[in-house]
Amino acid sequence: MARTITIAADKPRHRGLSRVPLGLISPLVLLLAWEAAARTGAINTAFFPAPTTILTTAVTQAQTAMFWNDLAISLKRIGIGLAMGGIPGVLVGLAMGLFRPIRDAFNPLIAALFPIPKIALLPLLLLIFGMGETSKYVTIAINVFFLMSINTFAGVLATPRIYFEVARNLRASRLKTYVSVALPGALPGIFTGLRICLGTALILLVAVEFSTADSGIGYRIWWAWTVFWVDTMYVGFLVIALLGYAFSTLVDALERWTIPWHKGQS
Amino acid sequence: MDVAAKIAVEGVAKVFGDPVRGFRAIDGVDLSVRQGEFLCIVGPSGCGKSTLIRMMAGLETPTAGAIRMRHDDPARPLTAMIFQQESVFPWLTVAQNAAYGLQASGTWRGAESRERVEYFLHKTGLYSFRDFRPGQLSGGMKQRLSIARAFATNPEILLMDEPFAALDEQNKLLMQQELASLWEEFRSTVVFITHGLDEAVLLGDRVVVMSSAPGRFIRNMEITLPRPRDSIALRRTAEVAAMTAELWETLRTEVEAARQQESQRLGATA
Numbered sequence: 001m002a003r004t005i006t007i008a009a010d011k012p013r014h015r016g017l018s019r020v021p022l023g024l025i026s027p028l029v030l031l032l033a034w035e036a037a038a039r040t041g042a043i044n045t046a047f048f049p050a051p052t053t054i055l056t057t058a059v060t061q062a063q064t065a066m067f068w069n070d071l072a073i074s075l076k077r078i079g080i081g082l083a084m085g086g087i088p089g090v091l092v093g094l095a096m097g098l099f100r101p102i103r104d105a106f107n108p109l110i111a112a113l114f115p116i117p118k119i120a121l122l123p124l125l126l127l128i129f130g131m132g133e134t135s136k137y138v139t140i141a142i143n144v145f146f147l148m149s150i151n152t153f154a155g156v157l158a159t160p161r162i163y164f165e166v167a168r169n170l171r172a173s174r175l176k177t178y179v180s181v182a183l184p185g186a187l188p189g190i191f192t193g194l195r196i197c198l199g200t201a202l203i204l205l206v207a208v209e210f211s212t213a214d215s216g217i218g219y220r221i222w223w224a225w226t227v228f229w230v231d232t233m234y235v236g237f238l239v240i241a242l243l244g245y246a247f248s249t250l251v252d253a254l255e256r257w258t259i260p261w262h263k264g265q266s
Numbered sequence: 001m002d003v004a005a006k007i008a009v010e011g012v013a014k015v016f017g018d019p020v021r022g023f024r025a026i027d028g029v030d031l032s033v034r035q036g037e038f039l040c041i042v043g044p045s046g047c048g049k050s051t052l053i054r055m056m057a058g059l060e061t062p063t064a065g066a067i068r069m070r071h072d073d074p075a076r077p078l079t080a081m082i083f084q085q086e087s088v089f090p091w092l093t094v095a096q097n098a099a100y101g102l103q104a105s106g107t108w109r110g111a112e113s114r115e116r117v118e119y120f121l122h123k124t125g126l127y128s129f130r131d132f133r134p135g136q137l138s139g140g141m142k143q144r145l146s147i148a149r150a151f152a153t154n155p156e157i158l159l160m161d162e163p164f165a166a167l168d169e170q171n172k173l174l175m176q177q178e179l180a181s182l183w184e185e186f187r188s189t190v191v192f193i194t195h196g197l198d199e200a201v202l203l204g205d206r207v208v209v210m211s212s213a214p215g216r217f218i219r220n221m222e223i224t225l226p227r228p229r230d231s232i233a234l235r236r237t238a239e240v241a242a243m244t245a246e247l248w249e250t251l252r253t254e255v256e257a258a259r260q261q262e263s264q265r266l267g268a269t270a
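Here the protein sequences come in this chain order: A and B. Residues in the first sequence are numbered from 1 upward in steps of one, following this note's numbering. Residues in the second sequence are numbered from 1 upward in steps of one, following this note's numbering.
One should not assume that every hint holds.
Said to hold, decoys possible - Examples of chain B residues lying across from chain A (beta carbon under 8 Å, computed):
| # | residue |
| --- | --- |
| 1 | F83 |
| 2 | P90 |
| 3 | Q170 |
No wet-lab data here; the hints were simulated from the structure. Backbone N, C-alpha and C define an ideal beta-carbon position, used for all residues, glycine too.
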């Protein structure tokens, strides 16, 4: 017997309630469970203080000059390290993408040095630059340099050849090709590099401040351990986590603003 | 060499890879293109016609022989190429893309150039989209933009490598007509590569047919249709049909030869 198949229109969906809350609910549930466990004594509050306790400590600390001083000096170390390594990194990456001799000269060097965990060089850098700020900037900068040059280079290589051919057909100068094709073509790669760099820079910052600093967020976490101020230690974790989140949000916004053609193509 | 020639291709060969065993794309090609001529090159796939035009564009060098092109006016770029693939820059706006050719070739002349760019944006129907980015345009619009970019530079030689191949049929018909009327206004020398025999007849002053690889020229046909041409109306005439059929007769054996070569290269035994 014949049957009629009906292809019906979509039913209107329930808006608003659907997706957003789930992303908020899971961390909230975790925090609530943690809080409950701490209050009932299911976990040792000497190691795992209740979230409300940490928050109270954080609010108290945020009113001290020491807290802001630590934050400022840590941000300064990351900022200077990023600039010191990032700008040469981008330039070398672009040059490697554009000029064969430079590529052939730098590529084996970078490939050989990149896998070395650069933090292992810290004692050497301390020897060269002393215990001051310079050795901290340089430790971060060396890492950033490698990450940025490799990602920029990859960005240039990923640029479709046709764009370079357009410039070449019009007999565009080297500089013009550099600025109008290689750089915009490499921007997505540069942003990938920047994103990885900020994560790595935070790790290095903490490592350097654990071992050789007398200020900064990393130092404060370490210091909190030596005096057994566990709440303060957690405030340090919180600040580092928030910094990581802030950096990635910042890079996302910067990327949308700088290369609007890449994502979403608005 | 023909002194009056705008482009003289003399005994040009191009081998990719190993000089002896490598792929011989074209071999011993001679061609002369007159000043102000619209020359169409047709040939089977893989016959080396793209290689030839890429050499004219300065993107490849011949393995043997030479190509001589007369550059008369240093204030104009010698060539501007319109590619088959998408070639407009996604990071520039429509207006910036259209101006790019003039700027990159170092022939930007301020207000005069700006006017030129606007003129071609109007001509290609893109003026109201001048602040858009290519990502917001259709394929046909992007190709019109690369035509605007090339025409705006006012090159002595326009090189077009199957510029309409990626377009749908309706767009292609319109673009052929638009290209014909743009060219009739400026009359620069044109080398136009195409698969479309009717396209070659409708647009060209002359059509040359290339053999299967290694490519050589095996047929030369002058197209005496009067200008200005209405390519859409002309398409239905018996004259155009006859010329297209004649070209097809020449090309057919070459296409069959090209197929044969291809199966041999792929190791088929049949």
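Structure-based check of all given hints:
| no. | hint | in the structure |
| --- | --- | --- |
| 1 | F83 | holds, 6 Å |
| 2 | P90 | holds, 4 Å |
| 3 | Q170 | violated, 25 Å |
The earlier numbered hint that this structure contradicts is number 3, and it is the only one.
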